[in-house]
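There are 2 protein chains.
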Amino acid sequence: MEDYAIGIDIGGTNTKFGVVDRNGHILEQDRTLTNAHESVQEYIEDLYEKIRPMIDRAGGIDKFAGIGVGAPNGNYYTGNIEYAANLKWQGIIPFASMMATRFGMRVKLTNDANAAAMGEMMYGAARGMKHFITITLGTGVGSGIVIDGKIVLGHDGFAGELGHTIIRPGGRVHKGTGIHGSLEAYASATGMRETALEMLTQHPETPSLMRTYKSEDITSQVVYDAAVKGDKIAQEIFEFTGQLLGEALANFIMFSSPEAIVLFGGVTKAGDMLLNPTRQAMEANLVQVFKNKVKLMFSELKEADAAILGASALIWES
Amino acid sequence: MEDYAIGIDIGGTNTKFGVVDRNGHILEQDRTLTNAHESVQEYIEDLYEKIRPMIDRAGGIDKFAGIGVGAPNGNYYTGNIEYAANLKWQGIIPFASMMATRFGMRVKLTNDANAAAMGEMMYGAARGMKHFITITLGTGVGSGIVIDGKIVLGHDGFAGELGHTIIRPGGRVHKGTGIHGSLEAYASATGMRETALEMLTQHPETPSLMRTYKSEDITSQVVYDAAVKGDKIAQEIFEFTGQLLGEALANFIMFSSPEAIVLFGGVTKAGDMLLNPTRQAMEANLVQVFKNKVKLMFSELKEADAAILGASALIWES
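So the protein sequences, as listed, match chains A and B. Counting from 1, one number per residue, gives the positions in the first sequence under our numbering. Counting from 1, one number per residue, gives the positions in the second sequence under our numbering.
I should point out that these hints are in silico values taken from the structure, not numbers from a laboratory. Please read these numbers as outputs of a predicted model, since none were measured by experiment.
Cut-off 30 Å, straight-line C-alpha distance, at most; resulting in silico cross-link-like pairs (BS3-like, lysine-lysine):
hint : chain 1 : residue 1 : chain 2 : residue 2
1    : B       : 175       : A       : 293
2    : A       : 295       : B       : 175
3    : B       : 293       : A       : 88
4    : A       : 88        : B       : 291
5    : B       : 130       : A       : 130
6    : B       : 150       : A       : 291
7    : B       : 150       : A       : 295
8    : A       : 150       : B       : 291
9    : A       : 150       : A       : 295
10   : A       : 293       : B       : 88
11   : A       : 302       : A       : 229
12   : A       : 175       : B       : 295
Under 8 Å between C-beta atoms, here's a sample of chain A residues computed to sit facing chain B:
hint : residue
13   : 168
14   : 251
15   : 258
Residues of chain A placed beyond 12 Å of chain B at every Cβ, according to the derived structure:
hint : residue
16   : 3
17   : 53
18   : 63
19   : 106
20   : 202
21   : 221
22   : 269
Don't be surprised by glycine CBs; every beta carbon is placed ideally from N, CA and C.
In isolation and in its complexed conformation, chain A is listed as follows:
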């Protein structure tokens, strides 16, 4: 009986992995640095050395249904990691195939945001839902879209790049893509930092707790801490971010009419400070048939676990 799967989440800094059972319990987990190796072969060797003992402790390879991997720019159709900006290995890496060879197990791969959506569907806030969208608000803005119980991959496996949709035409330029006014340029932790720097410059006369920081030290966390203490500019940053995010969510809802939108990632630690203006802007921009219907919620999964769970869920999916 194949009781377990390995879930691997490849992030820009850390790679997290663990042994997961069919109920979404993580038996054991560990991590390694993603970009500390000279080649992808050495990275895979490092993973093998750390994961193989976990497999043995869980009863050996026969107990495992396979390995699920969530990776930036991971393509479900090909099993490749293609041109991932944050990874050391450039070009097209046939990662699933290389892993399968080394581990002697079935390996399925998808992009990290899709893996998170799978995790939400199987073990998190979206349990039992067939139509929902997961938005990850972290360093960037990722998304996983589920329609009829399936992750939307599109004709080439690259669907669900909602962070790159445009919400302010001609607006702030995104340093990575060169595109103006995309959601990621505003609603990511990086975007909130930029909003903070802009607002502090635009209102030099307004006092703010954030002015005690050097500009390079202002993060979304600093904004949050200041907002909690009643800092007007910091609170306005959350209002502004929520306004833009809510408008974007309204657009997504009118595309796929989901039952819920599940928010995820570091920026969501702000809780209602972000959720309230987001919900207000979202509802204000929906046509009647969608109003007061769509649940806007936070992930129920611990962030560290969610990624591993989501990746492992790929294996149970089919």
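Could you slot chain B onto chain A? The hints should help.
Here is chain B on its own, set in the frame of chain A:
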């Protein structure tokens, strides 16, 4: 053998219907006025009187697999027409069920834009494609989204309202919805007319062929005729409309990564005058992984036929 289906397209003015075979050939077609009856019962009776002889001429009811209906605000899940702004019958009309009772046949119903997308998939420009989006640029802007060969309906059957997505936050107000800056407020025939009136007012010194018309007579057709004759303002209206439409299409592509976008409806008669600026803005706003991949094309179906074909296709779908 069930060789035929009835396709019915309910428009705000006309209802078109016909007998269609499995290859998408229309054997016979006719039309009636949509809003000329006191009640929906009388309307259905009118349809029955006109369609029943067609059925008999094609060999009788046993030759028919069913009736497919495309209707504004038609809901595939329920078979209801719900709160359709352009129809006389208000509230929730159990149209499919009423039709099935009167005709003694299986009836499937969906919204008109989804029916058009079905038609494109089975008989038109999207033959063989599993991932595409149809955008109807008419009096309004409608859309049908196909993912994995299936129309996207969403959790409640109302998905695919892309005309209501916001592309100019705080922009032009949409008279029907009250929402600012939606695609429909700009890229519909109605929107182009508004753009024309705005531009003529903003540039009173610039000569234009359109100034020979009374303002109430300026239509998207007038804009087109003027643009063809080299009218600068008219040409700028197409540039502007294409710019906004292209930006919106880029957003849609980053959602579902379709193989193609199929444009449809009266405004598309402008051909390259609309297509070129649209394509340019679309490509400019896509992140790398989507660039130069997505076909932007016009429908291959005659507009009058497409609606009937699309509605009939509902019956062959399952």
